[in-house]
Amino acid sequence: MTQPVNQTEIQKAILEQQSADNRKKMILNGVLLLLLLAAPFAMYPVFLMKILCFALFAVAFNLLFGFTGLLSFGHAAFLAAGGYTTGYLLSNFSGLTTELGIIAGTVAATVLGLGFALLSIRRQGIYFAMVTLALSQLVFFFLVQSEFTGGEDGMHGIPRGHLFGLVDLSDNYNLYYFVLAVFLGCYLLVQRIVSSPYGQVLKAIKQNEPRAISLGYNVNRYKVLAFVISAALAGLAGSLKSVVFQLASLNDAHWHMSGEVILMTLVGGMGTLLGPVVGATFVVNIEYQLSQGPLRDWVDPILGGIFVITVLAFRSGIVGEIQKFVKKNLG
Amino acid sequence: MTMMKKLLTSAVATAMMVGGAQAAVSNDTVKIGYLADMSGTYRDLAGPNGMKALEMAIADFGGKVNGAKIEVVSADDRNSPDVASSTVRRWVENENVDLVAGLVASSVSIAVSDILEENDKLGIVSGSAASSITNEHCTPNHIHYVYDTYPLANGTASAVVKEGGKTWYILTADYAFGHALEGDVTRVVEANGGEIIGTLRHPFPTPDFSSFILQAQASGADVVALANAGADTTNAINTASEFGVTQSGQTLAALLLFLTDVHALGVDAAQGIQLTTGWYWDMNDETRAWSDRFEEETGVRPTMVHAGIYSSTMQYLKAVEATGSDDAQTVRKQMMDTPINDMFAKNGKIRADGRMVHDMYLAEVKTPAESKGEWDLYKILRTIPADEAYRPLSESKCPLVTSK
Amino acid sequence: MSMIFGVPLAVLAGQLLIGVINGAFYALLSLGLAVIFGLLKIINFAHGAMYMLGAMSTVILFDSLGVNYWVALFLAPLLVGAVGVVIEYFLLRRIAGQDHIYSLLLTFGVALLLGGVLTNIYGVSGLRYAMPDVFQGGMKLGFMFLPYYRLWVIVMALLVCFGTWFMIEKTKLGAYLRAGTEDSQLMQGFGINVPLLISLTYGFGVMLAAFAGVLAAPIYSVTPVMGSHILITVFAVVVIGGMGSIGGAIITGILMGVIEGLTKTFYPPASSAVIFLVMVVVLMFRPSGLFGKEA
Numbered sequence: 001m002t003q004p005v006n007q008t009e010i011q012k013a014i015l016e017q018q019s020a021d022n023r024k025k026m027i028l029n030g031v032l033l034l035l036l037l038a039a040p041f042a043m044y045p046v047f048l049m050k051i052l053c054f055a056l057f058a059v060a061f062n063l064l065f066g067f068t069g070l071l072s073f074g075h076a077a078f079l080a081a082g083g084y085t086t087g088y089l090l091s092n093f094s095g096l097t098t099e100l101g102i103i104a105g106t107v108a109a110t111v112l113g114l115g116f117a118l119l120s121i122r123r124q125g126i127y128f129a130m131v132t133l134a135l136s137q138l139v140f141f142f143l144v145q146s147e148f149t150g151g152e153d154g155m156h157g158i159p160r161g162h163l164f165g166l167v168d169l170s171d172n173y174n175l176y177y178f179v180l181a182v183f184l185g186c187y188l189l190v191q192r193i194v195s196s197p198y199g200q201v202l203k204a205i206k207q208n209e210p211r212a213i214s215l216g217y218n219v220n221r222y223k224v225l226a227f228v229i230s231a232a233l234a235g236l237a238g239s240l241k242s243v244v245f246q247l248a249s250l251n252d253a254h255w256h257m258s259g260e261v262i263l264m265t266l267v268g269g270m271g272t273l274l275g276p277v278v279g280a281t282f283v284v285n286i287e288y289q290l291s292q293g294p295l296r297d298w299v300d301p302i303l304g305g306i307f308v309i310t311v312l313a314f315r316s317g318i319v320g321e322i323q324k325f326v327k328k329n330l331g
Numbered sequence: 001m002t003m004m005k006k007l008l009t010s011a012v013a014t015a016m017m018v019g020g021a022q023a024a025v026s027n028d029t030v031k032i033g034y035l036a037d038m039s040g041t042y043r044d045l046a047g048p049n050g051m052k053a054l055e056m057a058i059a060d061f062g063g064k065v066n067g068a069k070i071e072v073v074s075a076d077d078r079n080s081p082d083v084a085s086s087t088v089r090r091w092v093e094n095e096n097v098d099l100v101a102g103l104v105a106s107s108v109s110i111a112v113s114d115i116l117e118e119n120d121k122l123g124i125v126s127g128s129a130a131s132s133i134t135n136e137h138c139t140p141n142h143i144h145y146v147y148d149t150y151p152l153a154n155g156t157a158s159a160v161v162k163e164g165g166k167t168w169y170i171l172t173a174d175y176a177f178g179h180a181l182e183g184d185v186t187r188v189v190e191a192n193g194g195e196i197i198g199t200l201r202h203p204f205p206t207p208d209f210s211s212f213i214l215q216a217q218a219s220g221a222d223v224v225a226l227a228n229a230g231a232d233t234t235n236a237i238n239t240a241s242e243f244g245v246t247q248s249g250q251t252l253a254a255l256l257l258f259l260t261d262v263h264a265l266g267v268d269a270a271q272g273i274q275l276t277t278g279w280y281w282d283m284n285d286e287t288r289a290w291s292d293r294f295e296e297e298t299g300v301r302p303t304m305v306h307a308g309i310y311s312s313t314m315q316y317l318k319a320v321e322a323t324g325s326d327d328a329q330t331v332r333k334q335m336m337d338t339p340i341n342d343m344f345a346k347n348g349k350i351r352a353d354g355r356m357v358h359d360m361y362l363a364e365v366k367t368p369a370e371s372k373g374e375w376d377l378y379k380i381l382r383t384i385p386a387d388e389a390y391r392p393l394s395e396s397k398c399p400l401v402t403s404k
Numbered sequence: 001m002s003m004i005f006g007v008p009l010a011v012l013a014g015q016l017l018i019g020v021i022n023g024a025f026y027a028l029l030s031l032g033l034a035v036i037f038g039l040l041k042i043i044n045f046a047h048g049a050m051y052m053l054g055a056m057s058t059v060i061l062f063d064s065l066g067v068n069y070w071v072a073l074f075l076a077p078l079l080v081g082a083v084g085v086v087i088e089y090f091l092l093r094r095i096a097g098q099d100h101i102y103s104l105l106l107t108f109g110v111a112l113l114l115g116g117v118l119t120n121i122y123g124v125s126g127l128r129y130a131m132p133d134v135f136q137g138g139m140k141l142g143f144m145f146l147p148y149y150r151l152w153v154i155v156m157a158l159l160v161c162f163g164t165w166f167m168i169e170k171t172k173l174g175a176y177l178r179a180g181t182e183d184s185q186l187m188q189g190f191g192i193n194v195p196l197l198i199s200l201t202y203g204f205g206v207m208l209a210a211f212a213g214v215l216a217a218p219i220y221s222v223t224p225v226m227g228s229h230i231l232i233t234v235f236a237v238v239v240i241g242g243m244g245s246i247g248g249a250i251i252t253g254i255l256m257g258v259i260e261g262l263t264k265t266f267y268p269p270a271s272s273a274v275i276f277l278v279m280v281v282v283l284m285f286r287p288s289g290l291f292g293k294e295a
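If you read the protein sequences in the order shown, they are chains A, B and C. If you read the first sequence in UniProt numbering, its first letter stands for residue 1, the second for the next number, and so on. If you read the second sequence in UniProt numbering, its first letter stands for residue 1, the second for the next number, and so on. If you read the third sequence in UniProt numbering, its first letter stands for residue 1, the second for the next number, and so on.
Possibly wrong hints are sitting among the right ones.
As the list claims (entries may be wrong) - Subject to a maximum C-alpha distance of 16 Å in a straight line, what follows is the list of computed EDC-like cross-link-like pairs (lysine to aspartate or glutamate):
no., chain 1, residue 1, chain 2, residue 2
1, A, Lys206, C, Asp99
2, B, Lys52, A, Asp297
3, B, Lys166, B, Glu190
4, B, Lys372, B, Asp282
5, B, Lys52, B, Glu71
6, B, Lys52, B, Glu297
To be verified - Covered stretches of chain A (chain B as the covering partner; in silico rule of three or more C-beta atoms under 8 Å from a C-beta of chain B):
no., region
7, 39-53
8, 146-154
9, 237-249
10, 296-306
What the hints assert, rightly or not - Chain C residues, not near chain A, derived (Cβ > 10 Å throughout):
no., residue
11, Ala10
12, Ala130
13, Leu196
What the hints contain is simulated information worked out from the structure, not anything from laboratory work. For every residue, glycine included, the Cβ atom is placed at its ideal position computed from N, Cα and C.
All chains, please: the whole structure from these sequences, using the hints.
Structure follows, in structure tokens:
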């Protein structure tokens with residue numbers, strides 16, 4: 001109050017800085033978008049789609065882990081629920097258009113997610129992780145036992161079908177742009193959620209749950225909703241993946257898959273928006289490159305090593321470390 | 001896009017034929033992709049050593065076929081159909097791979113064969129057990145080479161019933177492979193006048209078998225059959241030996257057991273077990289000579305899968321040489337027309353459904369007194385003729401057979 | 001013969017006995033996890049790998065140096081314990097004070113690393129290890145044949161479990177341990193080397209896993225992946241018992257062995273899933289496990 005002039009000047013400077021930042025961000029996003037649109041002409045589309053599916057899976061997981069502070073060790077169950085439901089419906093009901101199959105898969109994962117959430121949400125920290133792990137093991141057991149999944153042979157030859165009955169998705173390029181559109185839609189949705197008042201509450205819960213409770217928030221309701229959205233998006237990732245690969249398998253439901261999505265999120269940078277995307281790209285790529293190259297037989301130990309190094313030295317992940325670096329040196 | 005490609009290749013092919021060029025090998029290179037589990041459960045039976053077998057075949061062939069060079073790429077499928085299908089798609093669509101070899105986990109083999117059919121390339125499955133690969137999942141683009149569940153159940157079960165094992169108790173791994181094996185065994189046992197008095201489905205994997213072995217003992221059955229694989233089978237055999245299953249007069253029959261498994265168990269625990277195998281290293285001079293070379297390369301004796309990879313690669317290269325083409329259907333037809341006579345099989349034949357049928361062997365694990373070395377593990381009791389061993393075409397559900 | 005739900009009583013008795021034996025084995029494995037979590041707040045996902053290392057080193061010591069079973073019973077856990085100390089000193093110490101979750105992720109990475117490297121060296125078919133001659137054979141109990149070795153397993157497992165519980169809960173050393181890990185500054189003031197204490201505690205926890213590994217070597221298939229299968233089952237036991245409760249881990253281990261044994265009798269396909277079902281149910285009613293303190 002004593003120096004009002006100065007105050008507004010600072011505000012102005014901040015605003016300018018912000019709009020400059022925004023402009024930079026816009027440019028960055030534009031470049032990224034162009035790259036994504038052009039990517040299938042430079043790289044193999046199916047591989048790109050695999051990255052997008054896992055990126056969506058990691059984004060979904062990160063909404064819960066990175067922004068709400070809940071570590072689910074059972075997210076594979078949703079990936080599998082989406083994949084198997086979509087696969088089963090598209091294989092058995094030829095009249096079904098692809099997007100309906102995908103929506104059905106997402107709904108199945110959402111319902112499963114609600115079930116998981118209701119059973120686990122009151123547990124804290126490690127107990128929460130373990131309950132979600134236990135529930136996903138029960139889902140795995142169910143999938144192994146069920147005839148319709150094809151057991152360990154997996155579900156094969158899922159038709160890609162036509163989008164809205166019109167666009168032929170057996171063409172890799174058509175499918176790529178469809179998957180890209182879904183991915184971007186979900187990414188923007190998560191971005192909106194995180195920056196909304198609801199997202200602020202989630203962050204508050206993550207930082208200090210008792211305080212959020214004492215501020216009068218019904219913390220459990222917020223957490224359940226975050227869990228269900230996360231499960232739905234993970235299921236959507238699974239549904240897309242089953243359409244892209246035309247198969248669904250037990251690997252998707254195995255607890256190692258739940259571990260892998262943690263790795264992706266952690267490597268990329270938990271609690272950042274772009275982190276899981278970068279992490280998924282990194283992990284899928286490294287796994288693929290390694291399994292082809294001279295280190296073919298050493299994929300597991302190398303992934304293990306990456307885990308160790310990330311936890312020890314880069315806990316903020318690739319994106320987090322870059323942000324820190326930028327803040328320190330350029331801000 | 002793909003249409004364009006097809007038109008283009010056929011145009012090129014026609015041009016070449018008109019020009020009288022003999023070699024229609026695309027890009028002047030025969031490219032083989034070796035895809036197998038390099039780090040997981042199935043690593044030892046195929047894995048990195050299978051790659052060695054493949055390289056041995058190429059070296060023995062001279063490294064070139066009709067002047068075209070032979071290239072190999074390899075990858076770890078991580079037992080995941082996702083990883084396998086993205087790898088194989090890239091191989092066939094972008095990297096001109098002509099043949100995919102190896103192929104172990106059934107989920108991987110089925111996923112890969114779908115892609116091969118779509119792109120009209122060839123695959124040779126050497127490691128998988130599922131007989132569905134050439135039954136309901138058959139395609140005109142793959143061959144199943146070494147063995148499958150049908151002769152495994154057939155060979156072992158009929159032999160054991162004929163020896164007087166009338167009542168059976170089956171321990172089944174509770175997944176598709178186990179169920180298929182259980183079904184096949186039940187059919188064979190009942191057809192030979194035996195009776196299944198109990199089946200027990202155990203989870204996969206099961207680390208401790210004592211409870212299940214105890215139930216098998218309590219059943220009083222003549223025969224305890226293991227319809228499982230890998231670590232489950234070795235754990236079950238270990239426990240059976242500990243609980244004295246054979247001492248109490250029951251016969252133990254393992255339906256799928258690889259040389260590497262028996263080697264891990266040792267003859268003390270595994271002695272007397274009967275099993276069916278597609279090949280054994282110590283059958284004759286030819287197999288011994290090849291196995292000696294293999295051991296020099298790898299330090300271990302080959303499994304039937306390793307030998308099968310070598311043999312099938314040879315057959316493939318010979319067919320490419322004979323036809324001067326690496327077109328999948330041309331080569332496959334040539335392979336089907338040529339009986340297989342090498343160290344792996346005598347008078348082996350590839351049928352219309354893609355099943356390579358050849359003689360199988362009923363073996364018994366030697367006793368410690370009989371075994372003269374680390375790898376001296378089997379004695380061959382009987383040769384099961386190919387026609388008797390494999391599922392007859394008349395029972396086939398494969399559209400390539402039934403539609404004719 | 002009298003029957004219970006279609007199962008002869010004699011068979012049921014045998015299954016229960018086997019259940020108790022397996023339970024004792026679970027207890028031994030869970031115990032190490034509970035010690036590590038209870039005292040150090042480390043979620044040790046490398047526990048399965050340490051169990052595997054115990055079994056593998058037993059076989060490797062025999063194959064390369066001719067070390068027999070009895071020596072291995074002491075030597076293998078000591079070696080693995082040393083590995084544990086190294087892991088604590090070079091890795092876990094660096095993330096002390098961070099969220100527990102990081103210890104889970106770090107040890108998960110260590111487990112992948114160890115399993116992967118050993119797979120490349122030794123393969124996955126399993127290493128051969130002969131049963132020591134003393135344990136050949138078994139006794140006829142009327143309702144079942146009990147191999148001597150299983151008897152040995154249950155005796156050793158229970159002895160070690162009880163000994164550990166006694167040491168931590170009832171002795172002065174245990175009191176130091178509990179105090180040192182709870183209020184390290186105070187103990188440091190008393191002249192106790194707390195960092196060393198922490199390293200040794202972690203080492204001791206993984207020694208217990210390695211000891212279970214030695215016990216397992218003659219009866220189970222010894223492979224680099226043997227630990228990853230059993231890991232989450234054992235975790236479930238510890239969670240049901242209440243993370244960090246030493247007595248809880250022991251009692252729950254035996255209890256779960258029996259429940260699993262009964263499932264193996266009445267509905268075998270579910271026997272690997274039943275523990276998770278129990279866990280979900282228990283945590284619904286008791287959020288911190290059967291014997292756990294409220295978090």
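Here's how the hints hold up against the structure:
1. Lys206(A) <-> Asp99(C): Answer holds: lysine 206(A) to aspartate 99(C) is near 12 Å, not above 16 Å.
2. Lys52(B) <-> Asp297(A): It holds: about 14 Å lies between the C-alpha atoms, which stays within 16 Å.
3. Lys166(B) <-> Glu190(B): 9 Å, holds
4. Lys372(B) <-> Asp282(B): 12 Å, holds
5. Lys52(B) <-> Glu71(B): OK: lysine 52(B) and glutamate 71(B) at ~14 Å, within 16 Å.
6. Lys52(B) <-> Glu297(B): 7 Å, holds
7. 39-53: holds (count 4)
8. 146-154: holds (count 5)
9. 237-249: holds (count 5)
10. 296-306: holds (count 5)
11. Ala10: Fine: 30 Å to the nearest Cβ keeps alanine 10(C) off the interface.
12. Ala130: It holds; alanine 130(C) is separated from chain A by about 29 Å at its closest Cβ, greater than 10 Å.
13. Leu196: For leucine 196(C), whose nearest Cβ neighbour in chain A is about 21 Å away, the distance exceeds 10 Å, so it holds.
Hint check: no violations occur; every hint is consistent with the structure.
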